[in-house]
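Chains as they are written, first to last, in our numbering: chain L, 1 to 366; chain F, 1001 to 1430.
I should point out that these hints are in silico values taken from the structure, not numbers from a laboratory. Cβ atoms here follow ideal geometry from the backbone N, Cα and C, with glycine treated the same way. Any given hint might turn out to be false.
To be verified - Label pairs and their calculated CB-CB ranges: (1) L:T313 to F:T1415: 42 to 48 angstroms; (2) F:P1171 to L:A231: 47 to 53 angstroms; (3) L:G349 to F:E1207: 43 to 49 angstroms; (4) L:E227 to F:R1172: 48 to 54 angstroms; (5) F:K1002 to L:A123: 41 to 47 angstroms.
Said to hold, decoys possible - Pulled from the structure, derived: some chain L residues nowhere near chain F, Cβ distances all over 10 angstroms: (6) D51; (7) M53; (8) A54; (9) R58; (10) R94; (11) R111; (12) Q126; (13) A146; (14) K184; (15) P190; (16) S225; (17) R237; (18) A239; (19) P247; (20) A301; (21) P340.
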Amino acid sequence: MPTTRSLHLAAEIGGPPRYDAASHIALARLAERGTLDFVTFRDSFARPGPDAMAVLARVAPETTRIGLVPTVTTTHTEPFHVSSAVATLDWMSRGRAGWHADVSTTEAEARLFGRRPAAPAPALWQEAGETADVSARLWDGWEDGAGIRGPSTGRDPSTGRDAPHPVDFEGTTFSVKGTTFSVKGPARVPRPPQGRPVTVFDATTGPAARAAARHADVVYVRASSPERAAALRDELRRAAGAHGRDPDGLRVLVALTVDLGDAETAPGPGPESGPPLAGHGTYFRGGPVDLAELVTHWYRAGAVDGFHLTPLTPGRDLERIVNGTVALLQHRGLFRTFYPGGTLREHLGLARPANRYAPRGAGAAS
Amino acid sequence: MKQMRLAVRFPGADSTTVRGGHRSGGQIDFSSFAHLARTAERGKFDFLFLAGEGPRPREHHGRTHDLGVAGRPEPLTLLGALAAVTDRLGLAATVDATDNEPYELARRLATLDHLSGGRAAWHVVTSPDAPTGEDVRRGGHLDRAERYTRAAEFVATARELWDSWTPEGTPRPFAHTGQHFDISGEFTVPRSPQGHPVVLHSGDSDEGREFAASAADVVLTRHRTLEDGQALYADVKARLAAYGRRPDDLTVMAGVTVVLGDTDAEAQENAAALRRLQVSPRNALPAPEQVRGRDLSPYDPEGPPPGVGPGPEPDLVRGRARTADPLRAADTRRASSEATGLAVRRTVVEATTRQSLVGSPETVATALETFVTAEAADGFVLVPHLTPGGLDDFVDRVVPLLQERGSFRSAYTGTTLRSHLGHAEPVWKG
């Protein structure tokens, strides 16, 4: 089944907490030089670090093509605010925004907000899925071009297209009064350039995988062999199909923490060559060429759509990924050498979704 | 001469904004925001000010109100991006204290302050529109007094979080227990370049002034006559002592619209043309409908005023503050319309559009200086009529005059918004 589809590569640029803009901008530009699909910026209320959405908004005007995917947690934030911020990032980056939905499971995080106690992961992931669902509805709430005032729109108000649609969404996750969420809408932000910014879920755990199959455009999995990765990918595609989705609208990336620090003395390529890092996916230790071999092997085996790489030391390892691994993959004709498209959806080969509220035949790809 | 402060508000979706012409751009495009921000920075402005996400779009007979329809970006995310295209300009976002939580918002503001090198500001508002509460978990609607106590505790809590790391960069646990918030843990962001982002509040109501005196660095007011402005200024500054603050600790900035012309007469003509653009025929009817509570759609907005009395359902236009005495306003307008023989639309134009300063660059510069020297304001928030080129003329023609006369800075002397405003960094309360 290889290689009619393209290889997709993404990289995390967060690393140890930094609060100045310059270091983040430098890493995003480096990743853009490597024509990666997108960069991510992890975020959690549980440990020091800046707000990821703000960091990638700051990076947006400093880059031109690369996708920008901040982690946005859904447990203690308002779904309505999540959708507005992600839509705004899409406008400010001209269609390069995504968001990685995550949950806050600890009691310590719950105490920072004091609104409700920590809840079991399955309920939180279901709520994250509902947040993705209501966000998609809010993004569809304005028809394409509606609510946008400019010299060139000249819209005729009598068509009614300018009127945004309320969503009247009722969350179902928590039955305890006052803890479920509801959103009446409509959105205050016009439909973003991508229609719906790209939604990313990490499907490592069961409840997360269920939400991912329903709501995600990009899914991370963790696997120590191409066979295991292929099985996870098939499972996700089947589950997506069961929800009435086109399985080809899903991009499954293997999450890999990479340590390219000491290539000469590395024990050899392959994810089995080092200890797994808790919470950071499968661990790879080796040289940039070894990493390229692994990517090539797994990709040619049809096991994955691509990789999400978390450099152990961003400054050092991302440079080696771009100048070593990516350069080799490009040389082999496996990875793009320039961005043919402008939006993150275009990089990922994902169609711009039609608006669920648009009249039939309207609101499709523009 | 005393130096004034200047800020610009990105034109919102209200009747101040007109569209059309070569200087009019999209109100959601980044390039429009970048243009206005760069223009303000070229004019050495103190800060750019963004409205909040706002209430649900106004509707009129099931159809979204013509001028209220424009969607807007979420301001804090937008300011993160604008920090990339400016170096010195302060960046202020309007964020509701009713619909947010202190930990999350304090963290976003502190992050913006870091990423912008000390230029973040927060315009605290307390949601005046009931519909806003329908989009968040807390739900329901707080009454006016409760919104203010929540906002006050919100700001105090945010300051505790901003103070929770030592100036040397060591995180320390915080705990806050109050009427509205009971939270504890560790903040994820070190103390930011300004110590605390600058806090703004609108002070047109009595509660607003008291809140500003107790908790804000900048109080925003409507434009008033010189005498009324002086009264407000004195009132606000007098409230500071009760909080152990000095008069200079709170900057009073009046919102103004400016219409320029080569001569005063030409400016008046420009202003008249602008007023007609601000009230389109379709927007003329909601004003009398709002006060009469009747559907007036069969009437011609360019025709004589309809001779109908008040209906049973005032305030048809959602999300807009009620007129204090709607029937009296309606009667006054109708009487005026009948007396002058003006059409409905023209009457609405005369009754609802306000332009604070109209004149040549010299006239406008002098008026601004007069307000500052007479202690009616410390500075101004300009609200341009056009998106995004509406500030260009002011920066090109009025700012140089102010600079020549020594009433406005010719160069930034500091890097943070706090330094532009002449405010000291807040004392760290460890």
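Going down the list of hints, with the structure as the test:
The given range of 42 to 48 angstroms is broken by L:T313 and F:T1415, whose C-beta atoms sit roughly 31 angstroms from each other. A hinted range of 47 to 53 angstroms for the beta carbons of F:P1171 and L:A231 is inconsistent with their spacing of about 43 angstroms. In this structure the hint that L:G349 and F:E1207 lie 43 to 49 angstroms apart at CB is violated, the actual value being about 55 angstroms. At roughly 49 angstroms, the beta carbons of L:E227 and F:R1172 sit within the given window of 48 to 54 angstroms.
Between F:K1002 and L:A123 the beta carbons are some 59 angstroms apart, a value that contradicts the proposed interval 41 to 47 angstroms. Its closest Cβ contact with chain F, about 4 angstroms, brings L:D51 to no more than 10 angstroms, contrary to its assignment away from the interface. Interface exclusion of L:M53 from chain F breaks down, the closest Cβ pair being 6 angstroms apart, not more than 10 angstroms. At the 10 angstroms boundary, the C-beta of L:A54 falls inside the reach of chain F, the nearest C-beta of that chain being 4 angstroms off.
L:R58, annotated as away from the interface, has a beta carbon of chain F within 10 angstroms; the closest lies near 5 angstroms. For L:R94, the requirement that its beta carbon stay farther than 10 angstroms from each beta carbon of chain F is not met, with the minimum near 7 angstroms. With a closest Cβ-Cβ approach of about 5 angstroms to chain F, L:R111 is found to fall inside the 10 angstroms limit, against its non-interface label. Distance to chain F confirms L:Q126 as a non-interface residue, since its nearest Cβ pair spans about 15 angstroms, more than 10 angstroms.
Non-interface status of L:A146 relative to chain F is broken: a Cβ of that chain comes within 10 angstroms, the nearest being about 8 angstroms off. Not every C-beta of chain F lies more than 10 angstroms from that of L:K184, the closest at about 4 angstroms, which undercuts listing it as non-interface. Some Cβ of chain F comes within 10 angstroms of the Cβ of L:P190; the nearest lies about 4 angstroms off, and the non-interface call is violated. With a least CB separation of 36 angstroms from chain F, L:S225 remains clear of the 10 angstroms interface cut-off, as annotated.
For L:R237, the condition that its CB be more than 10 angstroms from all CB atoms of chain F holds, with the nearest at approximately 33 angstroms. For L:A239, the condition that its CB be more than 10 angstroms from all CB atoms of chain F holds, with the nearest at approximately 29 angstroms. The beta carbon of L:P247 is kept farther than 10 angstroms from every beta carbon of chain F, the shortest such distance being approximately 32 angstroms. Listed as a non-interface residue, L:A301 keeps its Cβ farther than 10 angstroms from every Cβ of chain F; the least gap is roughly 40 angstroms.
Consistency note on L:P340: stated as away from chain F, and its beta-carbon is indeed over 10 angstroms from all of that chain's, at 22 angstroms minimum.
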